[in-house]
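Chains as they are written, first to last, in the numbering used here: chain A, 118 to 427; chain B, 43 to 538; chain C, -3 to 350.
Bear in mind the hints are in silico, worked out from the structure with no lab data behind them. Wrong hints could be hidden among the right ones.
Claimed, not checked - In silico lysine-lysine, DSBU-like type, Cα no more than 30 Å apart, as pairs:
hint: 1; chain 1: B; residue 1: Lys163; chain 2: A; residue 2: Lys282
hint: 2; chain 1: B; residue 1: Lys182; chain 2: A; residue 2: Lys410
hint: 3; chain 1: A; residue 1: Lys421; chain 2: C; residue 2: Lys221
hint: 4; chain 1: A; residue 1: Lys279; chain 2: B; residue 2: Lys182
hint: 5; chain 1: B; residue 1: Lys48; chain 2: B; residue 2: Lys221
hint: 6; chain 1: B; residue 1: Lys253; chain 2: A; residue 2: Lys280
hint: 7; chain 1: B; residue 1: Lys253; chain 2: C; residue 2: Lys344
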Amino acid sequence: MIIDVNFVGLIIASIMASAVPLILASCGELITERSGVLNLGVEGMMIIGAISGFALMTVTGSLIIAVFGAMLAGVLISTIFAFLTQTLITNHVATGLALTIFGIGISAMIGKNFVGIPGKEFPVIFEGLKDTIPLLSPILFGHSIVFYFAFALPFITSYFLKKTKIGLIVRAVGDSPESASNQGINVKLVRYACILYGGAMCGLAGAYLSMIYTPQWIENMTGGRGWIALALVVFSTWNPIKILIGAMIFGGLTIIQFHMQAIGVRIPVQFLTALPYIVTIIVLVVISRDSRKIRLSTPSSLGKSFYKDN
Amino acid sequence: MNTNLKISNVTKIYPGCVANDNVSLEFNSGKIYALLGENGAGKSTLVKILSGVIIPDEGKIYLNENNLKLNSPLDAKKNDIGMVFQHFNLFETLSVFENLIIDSDEQREGLREKIDSIMRKYNFSIDLDIPVLNLSAGQKQKVEIIRCLIRSPKVLIMDEPTSVLTEQETSELFLSLKKFSEEGILIIYITHKLKEVMELCDEVAVMRRGKLVSVSEIKNENIESLANKMVGQNLKTIKKKKEKNSSDKLINITNLNFISEDPFETNLSDINFSVNRGECLGIAGISGNGQSELFQVLSGEIISDKNSIEFNKNYIGDLNPQERREYLMAFSPEDRLEQAAIPQMAIYENVALNNYKSSNFFNNGLINENKIKEHSKKIISDFNVNTDNIELKSQFLSGGNLQKLIIGRELITSPDLLICFNPTWGLDVGAINYIHETLIKINEQNKSIILISTDTDELLKLSDKISVIHKGKLSKIMDADEVTSEKLGILMGGGN
Amino acid sequence: MIKIVKRDEPSRAIFFLTPVLAIFLTLVAGGLIFYILGFKPFEALKFFFIVPIADKYGFSELLLKATPLCLIAIGLSFCFKSNNWNIGAEGQLTFGAIVSGGVALLFYEQEGFYILPIVILAGAIGGMLYASIPAILKTYFNTNEILVSLMLVYVSKLILDYLVVGPWSNPEGFNFPETRQFSDSARLPLLFEGLRIHAGIFLALAAVVMSWFIFYKTYLGFQMKVSGFSLKTAKYAGYKGKKMIILVFLISGACAGLAGVGEITGPIGQLHREVSPDYGFTAIIVAFLGRLHPVGIIFASLVVAITYLGAETAQIFMQIPKYTGQVFQGMILFFLLASDYLLFFKFKFIGSKK
Chain A
118 MIIDVNFVGL IIASIMASAV PLILASCGEL ITERSGVLNL GVEGMMIIGA ISGFALMTVT
178 GSLIIAVFGA MLAGVLISTI FAFLTQTLIT NHVATGLALT IFGIGISAMI GKNFVGIPGK
238 EFPVIFEGLK DTIPLLSPIL FGHSIVFYFA FALPFITSYF LKKTKIGLIV RAVGDSPESA
298 SNQGINVKLV RYACILYGGA MCGLAGAYLS MIYTPQWIEN MTGGRGWIAL ALVVFSTWNP
358 IKILIGAMIF GGLTIIQFHM QAIGVRIPVQ FLTALPYIVT IIVLVVISRD SRKIRLSTPS
418 SLGKSFYKDN
Chain B
43 MNTNLKISNV TKIYPGCVAN DNVSLEFNSG KIYALLGENG AGKSTLVKIL SGVIIPDEGK
103 IYLNENNLKL NSPLDAKKND IGMVFQHFNL FETLSVFENL IIDSDEQREG LREKIDSIMR
163 KYNFSIDLDI PVLNLSAGQK QKVEIIRCLI RSPKVLIMDE PTSVLTEQET SELFLSLKKF
223 SEEGILIIYI THKLKEVMEL CDEVAVMRRG KLVSVSEIKN ENIESLANKM VGQNLKTIKK
283 KKEKNSSDKL INITNLNFIS EDPFETNLSD INFSVNRGEC LGIAGISGNG QSELFQVLSG
343 EIISDKNSIE FNKNYIGDLN PQERREYLMA FSPEDRLEQA AIPQMAIYEN VALNNYKSSN
403 FFNNGLINEN KIKEHSKKII SDFNVNTDNI ELKSQFLSGG NLQKLIIGRE LITSPDLLIC
463 FNPTWGLDVG AINYIHETLI KINEQNKSII LISTDTDELL KLSDKISVIH KGKLSKIMDA
523 DEVTSEKLGI LMGGGN
Chain C
-3 MIKIVKRDEP SRAIFFLTPV LAIFLTLVAG GLIFYILGFK PFEALKFFFI VPIADKYGFS
57 ELLLKATPLC LIAIGLSFCF KSNNWNIGAE GQLTFGAIVS GGVALLFYEQ EGFYILPIVI
117 LAGAIGGMLY ASIPAILKTY FNTNEILVSL MLVYVSKLIL DYLVVGPWSN PEGFNFPETR
177 QFSDSARLPL LFEGLRIHAG IFLALAAVVM SWFIFYKTYL GFQMKVSGFS LKTAKYAGYK
237 GKKMIILVFL ISGACAGLAG VGEITGPIGQ LHREVSPDYG FTAIIVAFLG RLHPVGIIFA
297 SLVVAITYLG AETAQIFMQI PKYTGQVFQG MILFFLLASD YLLFFKFKFI GSKK
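Work out the full structure: start from the sequences and follow the hints.
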């Protein structure tokens, strides 16, 4: 049997495309968590981004407005989370859950009018170079700008955290908000900013799903990806580059599922669909066993509320 | 260049206590000032006001005649006031250099050069690129000092700096401070340790219950006079009668080891010791050398090999704390607020935490509130806890009263062995004396104590035998009579 | 000038008032949303909150929906009080339904008073088994229970789906995605003629009484309380931390599993591809709204049940999309969490001093 090299390239490219929303959401949540905030509302923010992007695209016809609008929607909804957890000092877990439930409800409400509408075609870059290099050209060329951004993001995030002053401040706040506050750093402001950034990235991830990947609005279309993104942050031990690897694995699992069904492999479709979730659990268990490593890489103040008495 | 710092009529009130009551002080550069007072006297509050962490309710601060508006730590730094807190404001997982650059406006290369020159000048040697987590307490303190020096401060305030230092590190610190003072930096040294004040400082301001009670020159004072000013009355000296103890072994620890999964904890190796009836074994050491882990291993919060702990002819190494209490052991941990008691629970609920078999607190699994309350009332009266209300939430008890409640709870069963860790930290002198008297009484009744403490004076006062813990290992056990605090200091620093 | 000051201790009066405040704010915000969507706010709110329970049948539907919510929330209160974040109650409900449904199908042609108790027991066991997974992974493998229990929700729904359209599908069912109907012996008896409310409500009430008793009267409840405040203190007191974690998860799993049985042996009568409109997640909101207190949870489950009914009614009568139910649920939790701020902080009026 001759394996068409381009076919392999196409498969890899489709795995990468599937990984995009995970990378975006995880890298956003990673910054949030590095500042010590646990935002379980990722799924809610993603789906709001999905409907916002799709709705704006359909209503205004402008893709730019739609993409930035989706990011703005993510920012707005995450502001509610930030206000509750940072200013009103509410419990992180409950607030994040409320955000998800609310987000799913509101997106379905708005989305009712957009079901069944076909998506607009999203422009891709380097299309002309599509057939130049065997194996590599389906991977490197012909994707949307969001795709390229997503694959650059882990490196940008890593650079930001390690090499910039602001990144250092984020890490410091996550390590010890008390020490940061005693040194004059405005912990609340830093955490607000990180939460809003996470919201923007999750919004973008959702928009990618509804505008580029599918492209359509379907109720509940994020299908648990937000939770997988959260898990990815944990088992990348808060290291952006590892998110890239993890996202590819999960993207891969999703794609394999489709192809196995297509080939007619006789495994029940539900098992294949369940595979990403089961694998997530297994990987989480394996990673968490090394409690020494986990203690060192988890931001020390993650999930704890910070209150400064004056 | 002369620096003048004036504190004028500063007042800070918290619900239930006046932390600073109309305090006025004046400092001039060229001298090292001590701000002396016992725990709760108000020194920390005053100094936090100076460094912008707390805003006073009334009063002003003048630096060289300029009225300072210190609304945040940043303001203090901008006004050339540098502060090294007792609890360091460092980021453990970041490198030394990253810790230093974070609140600096300078560029990386420039800052590195500046740091290197400061380290050369004062003979500090620290690797800038390792995580702060890996530094010793003395080195961490040096990082804090360097952080202040980078900004060329006019004023440098040190808050209780020596509680975590070895003898050697303390000498180095004093040398550095003297050098800074000679270079014109105004040094304010906050402490409750009288010996240090006498050794290091030129002038001393004493605070008591939020008020300034005296300002004087060191050459006109001695330890007794300062002690009296600090406490306000003639101190009763507690003395322990050193009687010949029985040689009846109560507890025997053999070959105890503990390896922790937590990188922030200290491992214990080769722990061997025994304690006789009626004896008090003191364990000295600088905080962070395994005391907390040793306490947990003795209390049963950390389980060990069954045979490694023999108590009253029973092997109990694998039992949990409540099971050990059945054998008549008792435990008073260092952490009153997060381990020994729950602040949001009432007094009587906290008493129920020690559910010994004959207590009948929980008959057949059901709560017997009357029994618990009856018992709590007894503890409050026997141990002089300053309240009548057992329904009061323990967060409203003062440190001293809470500690008395905890010790009372542990002692009510007349245990054969009490293990306590820093039982008097953070308490005022009255409470400290009460606890010491209680501990002496325990020995007089032929019961034993293992006293783990970072306060060497306390240990020398109360112990019959002493050992030093360093990096998780115990030194030879010595007779307390034959040990000097200098010798302890050397052992605590890891020497011989 | 108004200054915000921390209270010395949480105010008891506010403790009971904030859920009421939260509900009120939710109504206001809901009215606003309706207005933006182009509906008349008061009319919409009427159809949402009043119409659904205005008659006997409606009230019975309210209790019907409140029953599983109350049951699951009681189970969750054990977990949440001791800082164990069991987010996967929906999965435990589903798995309980699967196991009990499977047992009921075994008896699909038989009669006998013994069948229903066995089926109910099976459901509780199913829920417990499923909840034991995050519990064991947390205690022995140090794994975060939030993510594990959540992932398992998806897995359980997929297992149910597979069984219902696959091996358990009704051979005489014309390829509808459902199993055979259960025999009458495997159905929870209805309480009143013509109303759907069933005996499951007694299970819920029993759970309420039992949890009240355990929390406030037993040593076990005391240990849970202490563990919720401080694990360090619990360890110092000699409480068996690992055993407690597993126990609270098992209790929670059993309650969720029982809720699952209640659904399939109550109103549904067979297994479908879906057996719960996300009761397991909504119960989390009920637990918080009820302040993790048994009586509070009863009231909270009634309030949240209305949002389910109201969403249906409003859709039928005013074509308001039924997701408003979820929107209301999310908002109640937001407003409750926000109102809790008043528990710990108060507003002080400070005049200018001189």
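Status of the hints after comparison with the structure:
Of the pairs offered as hints, the one joining lysine 163/B and lysine 282/A holds, with about 28 Å between alpha carbons and a cut-off of 30 Å not exceeded. For a cut-off of 30 Å, the pair hint linking lysine 182/B to lysine 410/A stands: about 23 Å separates their Cα positions. At roughly 19 Å between alpha-carbon atoms, lysine 421/A and lysine 221/C fall within 30 Å of each other, so this suggested pair holds. A threshold of 30 Å between alpha carbons decides the hint, and for lysine 279/A with lysine 182/B the separation of about 22 Å falls inside it, so the pair holds.
As the CA atoms of lysine 48/B and lysine 221/B are separated by approximately 23 Å, the hinted pair is consistent with the 30 Å bound. Pair hint lysine 253/B plus lysine 280/A does not hold up; C-alpha atoms about 48 Å apart against a cutoff of 30 Å. For the proposed pair lysine 253/B and lysine 344/C, the alpha carbon gap of about 28 Å is at most 30 Å, so the pair holds.
Violated hint for the displayed structure: number 6, the only one.
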